[in-house]
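Novice: Assemble the complex: chain X is given as a structure, and chain S must be docked to it using the hints.
As a plain string of letters, each chain reads:
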Amino acid sequence: MRQMSKFWKNKYCRAGISILVLFILLAVCVPLVSSFSPTEQNVALQNLGSSPAHPFGTDKFGRDIFVRVWYGAGISLLVGVLGAVICALIGVCYGGISGYAGKKTDLILMRIVDIIDAVPSLLYVILIMLVLGASVGSVILGICISGWTKMARVVRGEVKRLEQMDFALAARLTGAGGGHILWKHLLPCVQGTILVNLTFLVPEAIFTEAFLSFLGVGIAAPAASLGTLIREAKNQMRIYPGQMLWPMLVLCMLILAFYLIAAGMEQEIGKIQEG
Amino acid sequence: MALLQVENLSVTYKNQSAGHEVVKRVSFHAEAGKITGIVGESGCGKTTLMRALMGLLPANAEVECDRILLGEKDIYGSQMEQVRGSQISMIFQEPSVYLDDALTIGRQIADTVRAHNKCTVREARRRAEELLDLVGFSPAGDFMKKYSFELSGGMCQRAAIAMALACQPKLLIADEPTTALDALVQGQILGLLRRIVKETGTAILLVSHDLGVIASVCSRVLVMQQGEIVEEGQVEDVFYLPEHSYTKELISLSVRKRHARFEREDGEWKNILELNHVTKTFGVQEAVKEVSLSIHEGEIFGLAGESGCGKTTLAKMVTGLIKPDAGQILYDGNEVEVIGKWKKRRGQAGIQMVFQSPASALNPALTVRGMLEDALLASKEARKDEVDGQVCRVLEQVGLKGEDADKYPHEFSGGQKQRLVLARALILRPRLLICDEPVSALDISIQEQILDLLTEVQNQTKIAGLLISHDLDVIKYRSNRVGIMYQGHLVESGPTEEVCRLPWHPYTKVLLESVLTPDPFRARKRKPVSRIQSKLEGGQNQCPFAPYCGYVRECCKRLRPQMYRFGEREVACFLYSQEQGKLRSSGYIMGSQI
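Protein sequence lines correspond, in order, to chains X and S.
Per the numbering used here, residue 1 is the first one in the first sequence, and the count goes up by one each step.
Per the numbering used here, residue 1 is the first one in the second sequence, and the count goes up by one each step.
Do not rely on the hints blindly, as some may be mistaken.
Unchecked claim - Cross-link-like lysine-lysine pairs, in silico, DSBU-like; alpha carbons within 35 Å at most:
(1) 104/X x 316/S
(2) 24/S x 6/X
(3) 270/S x 248/S
Unchecked claim - Facing chain X, a subset of chain S residues (Cβ under 7 Å, in silico):
(4) 319
(5) 321
(6) 322
(7) 339
(8) 341
(9) 342
(10) 344
(11) 355
(12) 375
(13) 378
(14) 379
Derived from the structure by calculation, the hints contain no laboratory data.
The beta carbon of each residue, even a glycine, is placed where N, CA and C say it ideally should be.
So here's chain X without its partners, still in its complex pose (with noise of 0.2 Å):
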């Protein structure tokens, strides 16, 4: 908690919670108070520009924007945080051992890491859509296959650092058994590492994602993501490019967000640890 209000007080992290939060809420709130359903077509409003009614206006199948733009914010959110902590809670676990044991055991497992980060990410996530059909639980699964490999280094090399030191030494001879050395003594002092590097993860995983549905293999029509909301608006640019423009300004803006809160995580830990 002591840390939270530290990260409040950064300016980075405080726009980029500002963004955050606001998104959220819009992004739950949008598509149960409208009236306009997000996936419902209506003939009559085919293609309309920005009005009170209809703020982003309506696509060519007469869908209104702003509910599609933040149903589907919604669902690049829950795909980006819930990809990006699986992996990270993938990542920790196997770095934490990796590091500790040390080794044969860390020798096997790092090559391990190595062969997975050999093919190219994109690879798998495509290569599991095609087999399990384009749904919200198989992009995840997609990105978490080679998402968590970053963290796991990350963690280890932070683990096998700590591991030396005295403090990790005296708790051995304590009696303690390596899983609670490990849990209790040395990730906790990764802490502010891992949440850095989680915050970083979110935006890689919702940008996976919309980069995926743009191409057309992610989320499938009707449901929308973002990137979907890009891919339908596309055939259409040049004659409506408000479109096009609102899905992706609030992309960027979400993945800014993440990054903006990252940044100013980083800021404020390094200067807990500069004393």
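Specialist: Just chain S, lined up with the frame of chain X:
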């Protein structure tokens, strides 16, 4: 005429909110051809002051000054860049950090020469060789092609001094130049500084926290406390007749006092720890070689030796953190269990350890209570409902308060942190406490407090202790028996008082003589111990000390001496061998042969 004249120099560190004045209106001067000492505890602003003179402070530091005169010229302000490196140069504490690993030392010195003088590469090289010769490398040509990682700490510091002298500076600033070095090497480096001053007429500003260092080489001394110079004058005046109360305190603290030890009762002593021919090698390097010793219940055993002689490795083997390659370590008659990384250890909570650096021995993410509770519960020494009481008890035992339990380590000072490290060891009620350099990371005034605390705890609980230090002075009055280690070998052991009064092994004598006393007259009289720089080729089968020993004989180079035992004393030196014994009468009582 003073070479350097500083008037009213202040340094303020600017934070976002407040300024913090580290150096407060300091005025002093330094004379050419003399060494001026600056002494004070860590955090008193010595280093900041020196960096201000060099213009090397970070951007958030603000320097205010009336003037800094170097010779006739005022160098304060814009002129700083021009004189830095050409007329003022600096040597730092840790030479291996600021020598470049990727370049040979000859190249680095030659580059420095060329940066300040117009000359050809060949001339610069010749000059570099001269400089290396001046600082004691012989033959200098061989060392030109060496890299810094091929040299020992003392030789690195020599190379660094050569580099600092490359531009023929008028003023040389030496910031704790010997703190990272062993006592023996420290003596050599100080001798070198003294020679440089005499031969080149350079003025040296020597910063040190060690009064012994100041006393042995300086002619004038400044005493700093919290950013102010509280006393200055000739070394003799300041040391023999200190006026300021802080100076008096510093001087009285640096003379280790005779201390009441816990005296054992005579009779049968049970061994709590026994080492039989313990050996450990890392790769080709022998860390500990065939060490045998025993620690009795309720006594403090001191272990001394220069850094890298295997003391810490020995300590880690005793605790079970490292597995010995050969030999036996018996705790209470049972072999010490090696603690794996994953496996919980079963017993042996009886052996606990106090580490050298309290900063790395405390987990920054755990509160004091968290740390102590964790130790208790992990060892299953206490039930959950007893934990709170135990935490309070042990905190009071080490001189802290119960309320401190909810703080994080960074909220404590260095000395308090070391108390916390001790608390964690004590909460498990150990029977053997291993203290690995428990005070060497602390200021002198806190060192005594921590040592007093250790002695007090030992008196109360009657636990046995293994006190490890590179500084024989620390062990001298704090242990019942002492062991002297040299390059992994135990060369002498016996009752501390006797060993310190009358050393038998030549190395012990050297080690005892290398302790610097804060007494200018005696410190200057002391001859620096001469040691040959390069290691002699000697093989496995020779006395490890033979290349440096003044009493070396033919057999020392062929054979490795075994431990010879006389009463309570043991010594590994041929001077005490059976062969020599033949010449002695049967009733002969062994005394020192050196």
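Novice: Does each hint hold? Answer for all of them.
Specialist: Hint-by-hint comparison with the structure:
For a cut-off of 35 Å, the pair hint linking residue 104/X to residue 316/S stands: about 23 Å separates their Cα positions. Note on residue 24/S and residue 6/X: the hinted pairing holds, with a Cα-Cα distance of about 32 Å set against a maximum of 35 Å. Of the supplied pair hints, the one linking residue 270/S and residue 248/S is violated, its CA atoms being roughly 44 Å apart against a limit of 35 Å. For residue 319/S, the shortest C-beta to C-beta distance to chain X is roughly 6 Å, which falls under 7 Å, so the interface hint holds.
Checking residue 321/S against chain X: minimum C-beta separation of about 6 Å stays under 7 Å; hint holds. Here the hint on residue 322/S is broken, as its CB sits about 10 Å from the closest CB of chain X, past 7 Å. With 7 Å as the threshold, the beta carbon of residue 339/S comes within range of chain X, its nearest partner Cβ sitting at about 5 Å, so the hint holds. At about 5 Å, the closest approach between the beta carbon of residue 341/S and any beta carbon in chain X falls short of 7 Å, and the interface hint on this residue holds.
The interface hint given for residue 342/S holds, since its Cβ lies 3 Å from the closest Cβ of chain X, which is under the 7 Å cut-off. Taken as an interface hint, residue 344/S checks out: its beta carbon lies about 4 Å from the nearest beta carbon of chain X, inside 7 Å. Of the supplied interface hints, the one on residue 355/S holds, with its beta-carbon coming within about 4 Å of a beta-carbon of chain X, less than 7 Å. Taken as an interface hint, residue 375/S checks out: its beta carbon lies about 4 Å from the nearest beta carbon of chain X, inside 7 Å.
Using the Cβ-Cβ criterion of 7 Å, the hint placing residue 378/S at the interface with chain X is satisfied: the shortest such distance is roughly 4 Å. Taking 7 Å as the C-beta contact cut-off toward chain X, the hint placing residue 379/S at the interface holds, the least distance being around 4 Å.
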